[in-house]
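There are 2 protein chains.
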Amino acid sequence: MAYAAARAAIGDSEFDRDTAVVPRPGEPGTYDLALSPGWTIIQAVNGGYLLAVVGRALRDALPHDDPFTVTAHYLTASQPGPAVIRTETVRAGRTMSTGQASLYQTDDEGREIERIRVIAAYGDLDALPDDVRTAALPPQMPGYEDCVSSHDAPAGSGPVPGSTAIVDRLDLRLDPATAGWAIGFPSGRGDMRGWLGLADGRDHDPLSLLLAVDALPPTAFDLGIKGWVPTVELTVHIRCRPAPGPVRVSVTTRNLAGGYLEEDVQVWDAADRLVAQSRQLARAPRG
Amino acid sequence: MAYAAARAAIGDSEFDRDTAVVPRPGEPGTYDLALSPGWTIIQAVNGGYLLAVVGRALRDALPHDDPFTVTAHYLTASQPGPAVIRTETVRAGRTMSTGQASLYQTDDEGREIERIRVIAAYGDLDALPDDVRTAALPPQMPGYEDCVSSHDAPAGSGPVPGSTAIVDRLDLRLDPATAGWAIGFPSGRGDMRGWLGLADGRDHDPLSLLLAVDALPPTAFDLGIKGWVPTVELTVHIRCRPAPGPVRVSVTTRNLAGGYLEEDVQVWDAADRLVAQSRQLARAPRG
Chain L
82 MAYAAARAAI GDSEFDRDTA VVPRPGEPGT YDLALSPGWT IIQAVNGGYL LAVVGRALRD
142 ALPHDDPFTV TAHYLTASQP GPAVIRTETV RAGRTMSTGQ ASLYQTDDEG REIERIRVIA
202 AYGDLDALPD DVRTAALPPQ MPGYEDCVSS HDAPAGSGPV PGSTAIVDRL DLRLDPATAG
262 WAIGFPSGRG DMRGWLGLAD GRDHDPLSLL LAVDALPPTA FDLGIKGWVP TVELTVHIRC
322 RPAPGPVRVS VTTRNLAGGY LEEDVQVWDA ADRLVAQSRQ LARAPRG
Chain U
82 MAYAAARAAI GDSEFDRDTA VVPRPGEPGT YDLALSPGWT IIQAVNGGYL LAVVGRALRD
142 ALPHDDPFTV TAHYLTASQP GPAVIRTETV RAGRTMSTGQ ASLYQTDDEG REIERIRVIA
202 AYGDLDALPD DVRTAALPPQ MPGYEDCVSS HDAPAGSGPV PGSTAIVDRL DLRLDPATAG
262 WAIGFPSGRG DMRGWLGLAD GRDHDPLSLL LAVDALPPTA FDLGIKGWVP TVELTVHIRC
322 RPAPGPVRVS VTTRNLAGGY LEEDVQVWDA ADRLVAQSRQ LARAPRG
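Residue numbers (this note's numbering), protein chains in the order written: chain L, 82 to 368; chain U, 82 to 368.
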């Protein structure tokens, strides 16, 4: 697999700058930040980016550094611009701590509106034993060089139709077998697979995996359904610190029913380890 | 499939009595209750029963009746006996509302200890459109009569070793292919499947599905690992009101690594609909 050596480092990259949170003096557990316009799809701030921002505040607030399991409820649509995160340490244990956080933005009348509420358990991934007994298999897909980059496509033609800023922040290469919808031929299976790096070459870490689990186009597109697929709830488990290089992200939807669908995600690193699993409940497009 | 006609009705059954919560006068959103000793495994209160109790309080507190997605973090071990649940209405929308709840018990020094924290979205399952485009398939398993009931086993040898009260509350019949561990022959695959009803014949409803997703023996047993498998976090999506009769519950673990494992659950009703999906992150037994 050919892949450019990392240029931006973890801690000094677009992703790190755009997820920065500033502890508010005199208010422990409260963080100020600006949601970047660089991670939007159409007008909406990407849900994975939001999760990473809140995850970063929780990392600062809790005694442990690594998200083990993070659940977010998306309450109202976030806008680029100022925001505040308020965290609560629910429980601080020896090997694991539990925290809660809400991100708020202020509306035109000066009222704080809650955008997203998160509950999470953090621990230390490096302290875990080495045992691995996985029966899960990495997704079958072509190599990085044989997948379809949105940068290869003619201007305005995809593979994320109408998408905007986030495309420039990601190095996303879709498996051609799950990219047919972009030219009018969805497979109908409800699958989406791709290689995912960050455009500036920053390697993944547990925080960017929070982004990775909600960074691919909706599986609804592969089911032939167009439109907005708002996330109600997303839970991610980070199981392992990812190896350098892009990760493989596999998303499947098996049950579209009653106007809702699940998106089940596996993230595999270059060392063939299952580094993250997530599932979200989303509202199906009306179309 | 032969199955006794329902004797106990939804609303008037062991499960309903044991999950009852009483609004505390003058404290809106606060509920008193007693955790029943009838849903314990060894000394521990079953996590699915706890989820149902908290889910019932949220049903009372929120403007919608049906849990759509519920996430619980298990903080400390609950004991049978008095408890209090404090709920918060996070957001009340037209078709969906979001709530949070914590269950507390009082320790010997009179301090309130938080046992479990829940965040959930509720809606109205009966208001959903009828569209179903599922590619998921029901678990392949023998019929109800050909599965193994713990009540069929010699005393003390039943498929849930050392288990106690909850066995008498459930009508659980395991697929023999996933019950070999009980006689010393785990399959090694990490699967657990069974038919699950309530012992008094009460049919399932969305609240009892919260119990169902954590009612089978741990998949770790089928991997040949004995011991306690404490849940860190469990998220369940209820997708459809279940048809009368026992449900089929399929649990799989594919990634046991770093001392943790996921348990992925599907619940199918008698009408072959996928009525619930859940995933939990649990700590693997040390053994």
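A few of these clues could be false.
You can't tell identical chains apart in this list, so a pair holds if it fits in one copy or across any two.
[Unchecked claim] Below, a list of computed lysine to any residue pairs in the SDA-like style, where the Cα atoms sit at most 25 Å apart:
| id | residue 1 | residue 2 |
| --- | --- | --- |
| 1 | 307 | 216 |
| 2 | 307 | 212 |
| 3 | 307 | 169 |
| 4 | 307 | 286 |
| 5 | 307 | 257 |
| 6 | 307 | 211 |
| 7 | 307 | 170 |
| 8 | 307 | 160 |
| 9 | 307 | 326 |
| 10 | 307 | 158 |
| 11 | 307 | 144 |
| 12 | 307 | 175 |
| 13 | 307 | 209 |
| 14 | 307 | 165 |
| 15 | 307 | 188 |
| 16 | 307 | 109 |
| 17 | 307 | 266 |
| 18 | 307 | 101 |
| 19 | 307 | 217 |
| 20 | 307 | 118 |
| 21 | 307 | 219 |
| 22 | 307 | 122 |
| 23 | 307 | 352 |
| 24 | 307 | 173 |
Because the hints were derived from the structure by calculation, they are not lab data.
The hints, checked one at a time:
no.: 1; hint: 307 to 216; result: between (34 Å within a copy, 19 Å between copies)
no.: 2; hint: 307 to 212; result: between (42 Å within a copy, 16 Å between copies)
no.: 3; hint: 307 to 169; result: neither (38 Å within a copy, 35 Å between copies)
no.: 4; hint: 307 to 286; result: neither (32 Å within a copy, 33 Å between copies)
no.: 5; hint: 307 to 257; result: within (19 Å within a copy, 44 Å between copies)
no.: 6; hint: 307 to 211; result: between (43 Å within a copy, 19 Å between copies)
no.: 7; hint: 307 to 170; result: neither (40 Å within a copy, 33 Å between copies)
no.: 8; hint: 307 to 160; result: within (22 Å within a copy, 49 Å between copies)
no.: 9; hint: 307 to 326; result: neither (31 Å within a copy, 37 Å between copies)
no.: 10; hint: 307 to 158; result: within (19 Å within a copy, 46 Å between copies)
no.: 11; hint: 307 to 144; result: neither (43 Å within a copy, 31 Å between copies)
no.: 12; hint: 307 to 175; result: between (47 Å within a copy, 24 Å between copies)
no.: 13; hint: 307 to 209; result: between (42 Å within a copy, 20 Å between copies)
no.: 14; hint: 307 to 165; result: neither (33 Å within a copy, 45 Å between copies)
no.: 15; hint: 307 to 188; result: neither (30 Å within a copy, 54 Å between copies)
no.: 16; hint: 307 to 109; result: neither (43 Å within a copy, 42 Å between copies)
no.: 17; hint: 307 to 266; result: within (12 Å within a copy, 49 Å between copies)
no.: 18; hint: 307 to 101; result: neither (33 Å within a copy, 44 Å between copies)
no.: 19; hint: 307 to 217; result: between (31 Å within a copy, 22 Å between copies)
no.: 20; hint: 307 to 118; result: within (24 Å within a copy, 50 Å between copies)
no.: 21; hint: 307 to 219; result: neither (28 Å within a copy, 28 Å between copies)
no.: 22; hint: 307 to 122; result: within (14 Å within a copy, 47 Å between copies)
no.: 23; hint: 307 to 352; result: neither (35 Å within a copy, 29 Å between copies)
no.: 24; hint: 307 to 173; result: neither (44 Å within a copy, 28 Å between copies)
In summary, the numbered hints that this structure violates are 3, 4, 7, 9, 11, 14, 15, 16, 18, 21, 23 and 24.
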